[in-house]
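> So you can see what is in the structure, the chains are spelled out below.
Number of protein chains: 2
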Amino acid sequence: MKKHLLTLTAIAALTSPALAQDAPEGAPSPNEIVNAAAPEEWVAIEAEDLLVMTLAPDAGGNAREVVIQLMPAPFSQGWVENIRTLARSRWYDGTLVNRVQDNYVVQWGDPGYDNPESGETEAKPLPEGLQVMAQEDYTARVPVELISPDIAANFNPIVRSGWQAPILRDAYASSATFESGWPFALLQYPDKSDRWPVHCYGMVGVGRNYSPDTGSGAELYTVIGHAPRHLDRNIALVGRIISGMEHLSSLPRGSGTLGFYTEEEADKRTPILSVRIASELPEGERPLFEYLSTEGETFARYAEARANRRDPFFIVPAGGADICNVPVPVRAYEYADGE
Amino acid sequence: MKKHLLTLTAIAALTSPALAQDAPEGAPSPNEIVNAAAPEEWVAIEAEDLLVMTLAPDAGGNAREVVIQLMPAPFSQGWVENIRTLARSRWYDGTLVNRVQDNYVVQWGDPGYDNPESGETEAKPLPEGLQVMAQEDYTARVPVELISPDIAANFNPIVRSGWQAPILRDAYASSATFESGWPFALLQYPDKSDRWPVHCYGMVGVGRNYSPDTGSGAELYTVIGHAPRHLDRNIALVGRIISGMEHLSSLPRGSGTLGFYTEEEADKRTPILSVRIASELPEGERPLFEYLSTEGETFARYAEARANRRDPFFIVPAGGADICNVPVPVRAYEYADGE
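For the record, the sequence lines run as chains C and R. 325 is the number that this note's numbering gives to position 284 of the first sequence; each next residue is one higher, with no gaps. 338 is the number that this note's numbering gives to position 297 of the second sequence; each next residue is one higher, with no gaps.
The set of hints was computed from the structure by calculation and includes no laboratory data. Warning: the hint list may mix true and false statements.
To be verified - Covered by chain C, according to a simulated footprint, are these stretches of chain R (three or more residues, beta-carbon under 8 Å): (1) 241-249; (2) 283-291; (3) 356-369.
On a predicted model such as this, the values are computed, not experimentally measured, just so you know. Ideal Cβ positions, reconstructed from N, Cα and C, are used throughout, including at glycine.
Okay, chain C solo, but in the shape it has when bound (with noise of 0.2 Å):
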């Protein structure tokens, strides 16, 4: 079935700031060498795994779309399951976006409500059948061998035979590298090896209370600023952002406590209007996107590309690249009429 293409995400978001002027001759750009793949490399995204959210209309009168890919297997799927039942439950409807904080991450949920008869802060009820999920689910166990020995020591992308994933140095772990279009985080232990999802920029995880809380999705909150890693295996991570992000990223920021809107701001909170997954719409308004295979050839030629630009506007190539700076290319589509 041939597709059109529609938007590029993710990478779009990473071209230098040069001033507009005609481009010298150079080699070709990571978002180049993504436009180049082969359609076979690019992986539809079930309608499962999407999510329509949908908020107020800004001040203008413009509508307000984001759309969320939940995390597949083996991670967070507890928790994605609750966000799936909460959303078929309409429970998402009607809340709002409640915390901005600048360079760090928004949040929305139940803001609670003051009952005048009670004078309690009383809490939206939560739909049944939720789980509750363990903090050993915010990590998962992988085979030691998945970790090359000398990363460590090499801060340039270690391309693997086979076309498996490139494999990063990381600050936080032993080394980073992707799989089935995901970041994640590899530590070794002399006995065994941790891996973990990374919280990247529009990353979307479950904001919960203190241990052993480990909250149940209602409560969601997604990354505008630079990488939060200590969240990393205190936190589940859930999904990213994949359209619509600068709905909340420009959001203003709010003034209270960890950028909570105080009730002063309070017609700062924007409304959610409603929160659908896709496969609950209606064939024809269901939301197509796409990811670039992290295991195929072209990803590892862009990743290699994204450590060492080479296109006209750069003079030094970087050497290594950080793993939130290799986002993974996502692309809307649509069926071309007739076809």
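Since chain C is already given, all that's left is putting chain R on it; use the hints.
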């Protein structure tokens, strides 16, 4: 002279996304460690190194002031001096924020205007006396012994004796560290070492055209997303935003190429009313800021706590920290009345 503290910037943006709840007992947070620093560990920033950029009021009529700290020697001093010349000549007054690219940069300067007679887009004439800098000035040579030989294998911060600044593992260089309150990357070659300032959130750089152009300082940008470290050594960094960052990071994103506002979005461009060096302002109107010495005991303890959070929200210490996730504490102060 006695000081009254006003606001904490930078580090305040890195607390956890927990819901409001009483905290259980725990080890001190990075912020608590910083707040307990001895007064003599705080270094006052010279008025010559502070730029006050006043934006037009927002839609609600609220004032928007941004304070930029300029970078000290030995880095980028040619561009920094150009920026002082541009500010003293009032060149920046009346320029605009022309570009807002999500997870990348906000850029301001002269958008150029279309001359109806010539039919050309003409640039605002620059003042005389601006220096032309060389690409070599993006980096500096450093003594080889500055670099720890074992940092590559160790991702926990290496705190050096005599309270030198901690050394961090880095995905872009042999290591990363701090000096005089600024973050740097260090790259060791067999026969030499290079050092350069890094593109962390809030750092301010000089827009340029294609090489060999290095920019004058008339076109500036700041980072509003994950650190675009691939720009290190490719563009001059001249400072960082230490107050009012939210006035830039929350601006609406541009829909044109590279996030520039299109002609149809011209009304979204934020006017820059004035840019003044603090030393140009009357004594009583000068902003007063100080940074925590990066060579002191408190900063070493702060960096270690950033890498291994033990305050109540956290259950697993990260065991490492990215240089841009250890923001140098900067705070405003004022002199107490009558002292």
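> For every hint, state whether the structure bears it out.
Evaluation of the provided hints:
1. 241-249: holds (count 6)
2. 283-291: Per the Cβ count (4), the hint holds.
3. 356-369: Holds: 10 residues of the region 356-369 of chain R have a Cβ under 8 Å from chain C.
Comparing the model with each numbered hint stated earlier shows that all of them hold.
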